[in-house]
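Next come the chains, spelled out residue by residue.
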Amino acid sequence: MHDAIAEYVRDGLSVAIEGFTAFICFAAGHEIIRQGRRNLTLIRMTPDLIYDQMIAAGVASKLVFSYLGNPGVGSLHCVRRAIEKGIPAPLEIEEYSHYGMIGRYTAGAMKLPFFPLRSYTGSDLPRMNRQISLVQSPYSEERIAVVPPINPDVAIIHAQRADAEGNTQLWGLLGIQKEAAFAARKVIVVVEEIVDQSIIRADPNRTLIPGLIVNAVVHEPFGCHPSYVQGYYDRDNAFYLAWDGISRDQQKTEDWLQEWVFDVKDRSAYLEKLGKDVLSRLDPGDAPTGSLNYGAYT
Amino acid sequence: MHDAIAEYVRDGLSVAIEGFTAFICFAAGHEIIRQGRRNLTLIRMTPDLIYDQMIAAGVASKLVFSYLGNPGVGSLHCVRRAIEKGIPAPLEIEEYSHYGMIGRYTAGAMKLPFFPLRSYTGSDLPRMNRQISLVQSPYSEERIAVVPPINPDVAIIHAQRADAEGNTQLWGLLGIQKEAAFAARKVIVVVEEIVDQSIIRADPNRTLIPGLIVNAVVHEPFGCHPSYVQGYYDRDNAFYLAWDGISRDQQKTEDWLQEWVFDVKDRSAYLEKLGKDVLSRLDPGDAPTGSLNYGAYT
Amino acid sequence: MTPDYTSSEMMIVAASRTLRGARTVFVGVGLPNIACNLARHTIAPDLELIYESGVYGAQPARLPLSIGDPTLVTGALSVIPMGDLFGYYLQGGWVGAALLGGAQIDRHGNLNTTVIGEYDSPKVRLPGSGGACEIAINARSTLIIMRLSQRAFVERLDFLTSPGYLEGGTSRAGRYMPGAGPMQVITDKALFSFFNDDREMQIDALYPGVSIDEVTAEIGWPIRQHESIFEVDPPTDDEIRIIRTILDPEGTVTGRLA
Amino acid sequence: MTPDYTSSEMMIVAASRTLRGARTVFVGVGLPNIACNLARHTIAPDLELIYESGVYGAQPARLPLSIGDPTLVTGALSVIPMGDLFGYYLQGGWVGAALLGGAQIDRHGNLNTTVIGEYDSPKVRLPGSGGACEIAINARSTLIIMRLSQRAFVERLDFLTSPGYLEGGTSRAGRYMPGAGPMQVITDKALFSFFNDDREMQIDALYPGVSIDEVTAEIGWPIRQHESIFEVDPPTDDEIRIIRTILDPEGTVTGRLA
Numbered sequence: 023m024h025d026a027i028a029e030y031v032r033d034g035l036s037v038a039i040e041g042f043t044a045f046i047c048f049a050a051g052h053e054i055i056r057q058g059r060r061n062l063t064l065i066r067m068t069p070d071l072i073y074d075q076m077i078a079a080g081v082a083s084k085l086v087f088s089y090l091g092n093p094g095v096g097s098l099h100c101v102r103r104a105i106e107k108g109i110p111a112p113l114e115i116e117e118y119s120h121y122g123m124i125g126r127y128t129a130g131a132m133k134l135p136f137f138p139l140r141s142y143t144g145s146d147l148p149r150m151n152r153q154i155s156l157v158q159s160p161y162s163e164e165r166i167a168v169v170p171p172i173n174p175d176v177a178i179i180h181a182q183r184a185d186a187e188g189n190t191q192l193w194g195l196l197g198i199q200k201e202a203a204f205a206a207r208k209v210i211v212v213v214e215e216i217v218d219q220s221i222i223r224a225d226p227n228r229t230l231i232p233g234l235i236v237n238a239v240v241h242e243p244f245g246c247h248p249s250y251v252q253g254y255y256d257r258d259n260a261f262y263l264a265w266d267g268i269s270r271d272q273q274k275t276e277d278w279l280q281e282w283v284f285d286v287k288d289r290s291a292y293l294e295k296l297g298k299d300v301l302s303r304l305d306p307g308d309a310p311t312g313s314l315n316y317g318a319y320t
Numbered sequence: 023m024h025d026a027i028a029e030y031v032r033d034g035l036s037v038a039i040e041g042f043t044a045f046i047c048f049a050a051g052h053e054i055i056r057q058g059r060r061n062l063t064l065i066r067m068t069p070d071l072i073y074d075q076m077i078a079a080g081v082a083s084k085l086v087f088s089y090l091g092n093p094g095v096g097s098l099h100c101v102r103r104a105i106e107k108g109i110p111a112p113l114e115i116e117e118y119s120h121y122g123m124i125g126r127y128t129a130g131a132m133k134l135p136f137f138p139l140r141s142y143t144g145s146d147l148p149r150m151n152r153q154i155s156l157v158q159s160p161y162s163e164e165r166i167a168v169v170p171p172i173n174p175d176v177a178i179i180h181a182q183r184a185d186a187e188g189n190t191q192l193w194g195l196l197g198i199q200k201e202a203a204f205a206a207r208k209v210i211v212v213v214e215e216i217v218d219q220s221i222i223r224a225d226p227n228r229t230l231i232p233g234l235i236v237n238a239v240v241h242e243p244f245g246c247h248p249s250y251v252q253g254y255y256d257r258d259n260a261f262y263l264a265w266d267g268i269s270r271d272q273q274k275t276e277d278w279l280q281e282w283v284f285d286v287k288d289r290s291a292y293l294e295k296l297g298k299d300v301l302s303r304l305d306p307g308d309a310p311t312g313s314l315n316y317g318a319y320t
Numbered sequence: 140m141t142p143d144y145t146s147s148e149m150m151i152v153a154a155s156r157t158l159r160g161a162r163t164v165f166v167g168v169g170l171p172n173i174a175c176n177l178a179r180h181t182i183a184p185d186l187e188l189i190y191e192s193g194v195y196g197a198q199p200a201r202l203p204l205s206i207g208d209p210t211l212v213t214g215a216l217s218v219i220p221m222g223d224l225f226g227y228y229l230q231g232g233w234v235g236a237a238l239l240g241g242a243q244i245d246r247h248g249n250l251n252t253t254v255i256g257e258y259d260s261p262k263v264r265l266p267g268s269g270g271a272c273e274i275a276i277n278a279r280s281t282l283i284i285m286r287l288s289q290r291a292f293v294e295r296l297d298f299l300t301s302p303g304y305l306e307g308g309t310s311r312a313g314r315y316m317p318g319a320g321p322m323q324v325i326t327d328k329a330l331f332s333f334f335n336d337d338r339e340m341q342i343d344a345l346y347p348g349v350s351i352d353e354v355t356a357e358i359g360w361p362i363r364q365h366e367s368i369f370e371v372d373p374p375t376d377d378e379i380r381i382i383r384t385i386l387d388p389e390g391t392v393t394g395r396l397a
Numbered sequence: 140m141t142p143d144y145t146s147s148e149m150m151i152v153a154a155s156r157t158l159r160g161a162r163t164v165f166v167g168v169g170l171p172n173i174a175c176n177l178a179r180h181t182i183a184p185d186l187e188l189i190y191e192s193g194v195y196g197a198q199p200a201r202l203p204l205s206i207g208d209p210t211l212v213t214g215a216l217s218v219i220p221m222g223d224l225f226g227y228y229l230q231g232g233w234v235g236a237a238l239l240g241g242a243q244i245d246r247h248g249n250l251n252t253t254v255i256g257e258y259d260s261p262k263v264r265l266p267g268s269g270g271a272c273e274i275a276i277n278a279r280s281t282l283i284i285m286r287l288s289q290r291a292f293v294e295r296l297d298f299l300t301s302p303g304y305l306e307g308g309t310s311r312a313g314r315y316m317p318g319a320g321p322m323q324v325i326t327d328k329a330l331f332s333f334f335n336d337d338r339e340m341q342i343d344a345l346y347p348g349v350s351i352d353e354v355t356a357e358i359g360w361p362i363r364q365h366e367s368i369f370e371v372d373p374p375t376d377d378e379i380r381i382i383r384t385i386l387d388p389e390g391t392v393t394g395r396l397a
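Residue numbers (our numbering), protein chains in the order written: chain A, 23 to 320; chain B, 23 to 320; chain C, 140 to 397; chain D, 140 to 397.
If you're looking for bench data, these hints aren't it; they were derived computationally from the structure.
Just so it is clear, the structure is predicted and the values come from calculations on it, not from any experiment.
A couple of the hints might just be wrong.
[Claimed, not checked] 25 Å max Cα-Cα, derived PhoX-like pairs, lysine-lysine: (1) B:K84 - B:K133; (2) A:K208 - A:K84; (3) A:K84 - C:K262; (4) B:K133 - B:K208; (5) B:K107 - B:K84; (6) A:K287 - A:K298; (7) A:K274 - A:K107; (8) B:K274 - B:K287; (9) A:K133 - B:K133; (10) A:K274 - A:K295; (11) D:K262 - B:K107; (12) B:K274 - B:K84; (13) B:K274 - B:K107; (14) A:K107 - C:K262; (15) B:K84 - D:K262; (16) B:K287 - B:K298; (17) C:K262 - A:K274; (18) B:K274 - D:K262; (19) A:K133 - A:K84.
[Stated by the list, open to error] Covered by chain C, per the in silico footprint, the following chain A stretches (three or more residues, Cβ under 8 Å): (20) 35-46; (21) 97-109.
[What the hints assert, rightly or not] Pairwise CB distance ranges, derived in the manner of DEER restraints: (22) B:K84 - A:E215: 49 to 59 Å; (23) A:D305 - B:D288: 48 to 58 Å; (24) A:R270 - C:R363: 38 to 48 Å; (25) C:R380 - A:Q273: 39 to 49 Å.
For each residue, glycine too, the CB sits at the ideal point set by N, CA and C.
Kindly produce the complete structure, drawing on both the sequences and the hints.
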């Protein structure tokens, strides 16, 4: 992880750590904080706790997003503090709806000049964000809203498993990870397990991201805690609740960052500090899919 | 099958039997021929043998497509005869490239006024098909090609399995089936197996078509022969080769239709006539996926 | 006599009853989630829950903590990329009803979830649209769930995030907004609709024991009243039993919001 | 001395050699399929095969009979909807090289696969574009494989299905055509390129034993010649062995096309 972040996430670049509620790679976010990156443009539909922490640590100068919330809990206090009071530093924002962000990633991935969507009619959003525009349909009177492509410099995607070349399989909430990866100039894949390529090839419809577009594969078990990985561990909701208290205060937030990010060397040290009890509390139990037949066709 | 076709496929409607090389529901096509439908608009990226047979039988007055071929073999002689000589009846055509057809289905499914794609520049296709148009991007000088939505009256999709409500799972070539189903006004799903809903729910990422949009579920094992169903049976390539000979002659074609469509009551009778040896020759052998864990999360 | 249910429970029950016979509902967590699940247990047994996280036909084995809870994935009918959910399901016209909320609402059912104060120097920065803007435009109808208060029911929004009936009347017509707009506003004291030519919010019904004055006092404009306001039936024993024993046995939602 | 290989085998070998070091190739069945697999066994071991049917990284266990053969699915790295293949892979810029063919080609590498004669009253109705039109525009480069003949190498196409260099020169520039256009035309007698300012087809190399006159006789316009035409190396023993023992042991492709 250290090397992948050091090589691809440079000061001033745009970075998308994606995963909707699930698969949020806190390990990568913490490593970016630890390496002291500055002036990043952070892109994410739902900034979640990971960007709350990164913004509190001062890595970002701009945020592109569609929903600011601690899911199921409340506000992202650090992001609000940056927007409302410029603490620890002013934060430029560029704001869309969910489908607008989805459209931006999709257009970026498909190298389209724009993505059309039925949204924004009557809303104040286009007034505040001039990137949202309109296009006249040649087939009717309709003028439809469009958003421009987005191509992050780096996308970081967490998944259950990949082979050594980065052919990546994911099940559960697929979010916008495929689109973000294809839209990005560089892709870092972080996985719970690195598996033999034969396992990937045994179920090719499950492959969301091909190794072709992947620049680095990082093996980082429990890399999403306190977020979750379907079938591997549950969300640590106690932490999401606790963060609501910690994050209301900049000093308390900085103390937390010191203890849980700067003072731990890497993800292994973080997990050791967290303790086995927490991880075993998050065991999801079993719900197997069963096996299918693709046919040998020899 | 008889009832689903009788209820939803009426004279003069537009029908899309989709599936790219794979999952082509010959059982539905034959039933449409048997019921003597007329003036259908047939929509399909690759008309394949099924539309060759249907057009030779005189069910269609128009064809919307992107590639006319007997895959891996050669021409579709019946379609050519209709276009070149008006036999058995003149056939209007409306022609796109593959991505153009994909875009039409996608816009139809997403209720978009148009779908933008980087194609057609310098090609004669837009001259012959005025539906292909251009749209000015608000973000650059680019004028990009667009195609209009298509919404077939009926889509017929074959798959490995569905539950009784039509929640449908499919693995192998996914083609454009999801888009065609969502674009259509009515959807008929034809499956090799009807399974308990718990089997569908055990692997929710595998569900391509939700029962919500399905009007009829038909259980028709081997319903795709001579096409194939991944993991269930192989393509009957001997028939694809034989068709090249049969289809060169309208009389021979009509004799074949008499013998294999009109003179067999339904798919069971067809399979019985075909014989067990053919079906066992098409057994694909085993290539299992293995089972995954979604986690119980109770 | 103190009623043996909380105002949150009454809201849940009222919301669930609006889903009678519905086939699909686009749902958030918390109170709306319980309302939808209550409807499945009572007057809409075929109701399928759709979450913007990409889940269709969820069957949660526990109370979901967010719209991205893994318990919504396991056992669902279909789990898909968010682009498919917004493109094929929502924009495709397959979302029957959608539940929305907000920090502010105006007389035409327009919602603000973006900011209190100026956009560029906000007093309170709210979450933003999420999917609400396109849901408000594309869902066949929307149901709005909010607690009554002068701060929330305002003469003028600080920011229009998600359109209701815009300027009222026929403002939605001819603007390629496929959905019909808000059908009902469900609060902790009364139910409102927009069933008039101006598409202006009106009091349709009061919860048991609530007076008109208690309602109008919480609204920042002179609220219209339907000519014959009725009283909502209180929760049935069955509804309360399902909420308390099946849907929220620990009172996480009903307790917190009460 | 009769050479111990067929012209089909020479074409396959020549096509495979153009893929040296390539990472991805968009491939059809038949001769192009064998050429790509030969490249994987020889000079492009990391080459991944992409099929428009939605397959990336195929590892066919038998000779595929069509681009939709189930043997391309089983054991592939990824199998996806066609919209993703055309949108994310092809238009996204991830297809390095693509093999195309056609019934007619002109001096600027434009291809006709639609019709011989008038579009509205065709002498021969051909298959049409399939994916070729967008492949010709978006693939980083294309390789054209066709047998030489006066009927195929024509002064004027009956229909322009898939653009090469259009009117030649810089015609592709400024028209939002991300791909560079045709790099090479591989025939049964000679190799051609477009490496000149006019982007006009020129003879670069002859197969062993083929004369310039045999080539020019099959081309419907005065064909340019590179100033130093070279002779292509004949197939190596290894190349022939791989074709005959591994890729097409029954001679289905090499035999049929020979």
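Status of the hints after comparison with the structure:
1. With a C-alpha separation of about 23 Å, the suggested pair K84 (chain B) and K133 (chain B) falls inside the 25 Å cut-off, and the hint holds.
2. The straight-line distance between the Cα atoms of K208 (chain A) and K84 (chain A) is roughly 19 Å, inside the 25 Å bound, and the hint therefore holds.
3. Between the alpha carbons of K84 (chain A) and K262 (chain C) the distance comes to roughly 20 Å, so the proposed pair stays at or under 25 Å and holds.
4. At roughly 15 Å between alpha-carbon atoms, K133 (chain B) and K208 (chain B) fall within 25 Å of each other, so this suggested pair holds.
5. Our distance criterion of 25 Å between C-alpha atoms is met by K107 (chain B) and K84 (chain B), whose separation comes to about 15 Å.
6. Note on K287 (chain A) and K298 (chain A): the hinted pairing holds, with a Cα-Cα distance of about 18 Å set against a maximum of 25 Å.
7. Among the hinted pairs, K274 (chain A) with K107 (chain A) is consistent with the structure: their alpha-carbon atoms are about 17 Å apart, no more than 25 Å.
8. Taken as a hint, the K274 (chain B) and K287 (chain B) pair is honoured in the structure, with Cα atoms around 21 Å apart against an allowance of 25 Å.
9. Using a Cα cut-off of 25 Å, the hinted pair K133 (chain A) and K133 (chain B) holds, with the two alpha carbons roughly 21 Å apart.
10. Of the pairs offered as hints, the one joining K274 (chain A) and K295 (chain A) holds, with about 19 Å between alpha carbons and a cut-off of 25 Å not exceeded.
11. For the proposed pair K262 (chain D) and K107 (chain B), the alpha carbon gap of about 10 Å is at most 25 Å, so the pair holds.
12. Note on K274 (chain B) and K84 (chain B): the hinted pairing holds, with a Cα-Cα distance of about 23 Å set against a maximum of 25 Å.
13. With a C-alpha separation of about 17 Å, the suggested pairing of K274 (chain B) with K107 (chain B) holds against the 25 Å cut-off.
14. For a cut-off of 25 Å, the pair hint linking K107 (chain A) to K262 (chain C) stands: about 10 Å separates their Cα positions.
15. Among the hinted pairs, K84 (chain B) with K262 (chain D) is consistent with the structure: their alpha-carbon atoms are about 20 Å apart, no more than 25 Å.
16. Straight-line distance between C-alpha atoms of K287 (chain B) and K298 (chain B) comes to about 18 Å, which keeps the hinted pair within the 25 Å bound.
17. For the hint pairing K262 (chain C) with K274 (chain A), the CA-to-CA distance comes to about 23 Å; that is within 25 Å, so the pair holds.
18. For the proposed pair K274 (chain B) and K262 (chain D), the alpha carbon gap of about 23 Å is at most 25 Å, so the pair holds.
19. Taking the CA atoms of K133 (chain A) and K84 (chain A), the gap is near 23 Å; set against the 25 Å cutoff, the hint holds.
20. With 3 residues having a Cβ less than 8 Å from any Cβ of chain C, the region 35-46 of chain A passes the three-residue criterion, so the hint holds.
21. With 5 residues having a Cβ less than 8 Å from any Cβ of chain C, the region 97-109 of chain A passes the three-residue criterion, so the hint holds.
22. Evaluation of the 49 to 59 Å hint for K84 (chain B) and E215 (chain A) yields a pass: the beta carbon distance comes to about 52 Å.
23. Hint check: D305 (chain A) to D288 (chain B), Cβ distance near 51 Å, so the stated range 48 to 58 Å holds.
24. The supplied range of 38 to 48 Å is met by R270 (chain A) and R363 (chain C), whose beta-carbon atoms lie about 40 Å from each other.
25. Remark: the range hint 39 to 49 Å for R380 (chain C) to Q273 (chain A) is upheld by a beta-carbon distance near 48 Å.
The earlier numbered hints are all upheld by this structure, with none contradicted.
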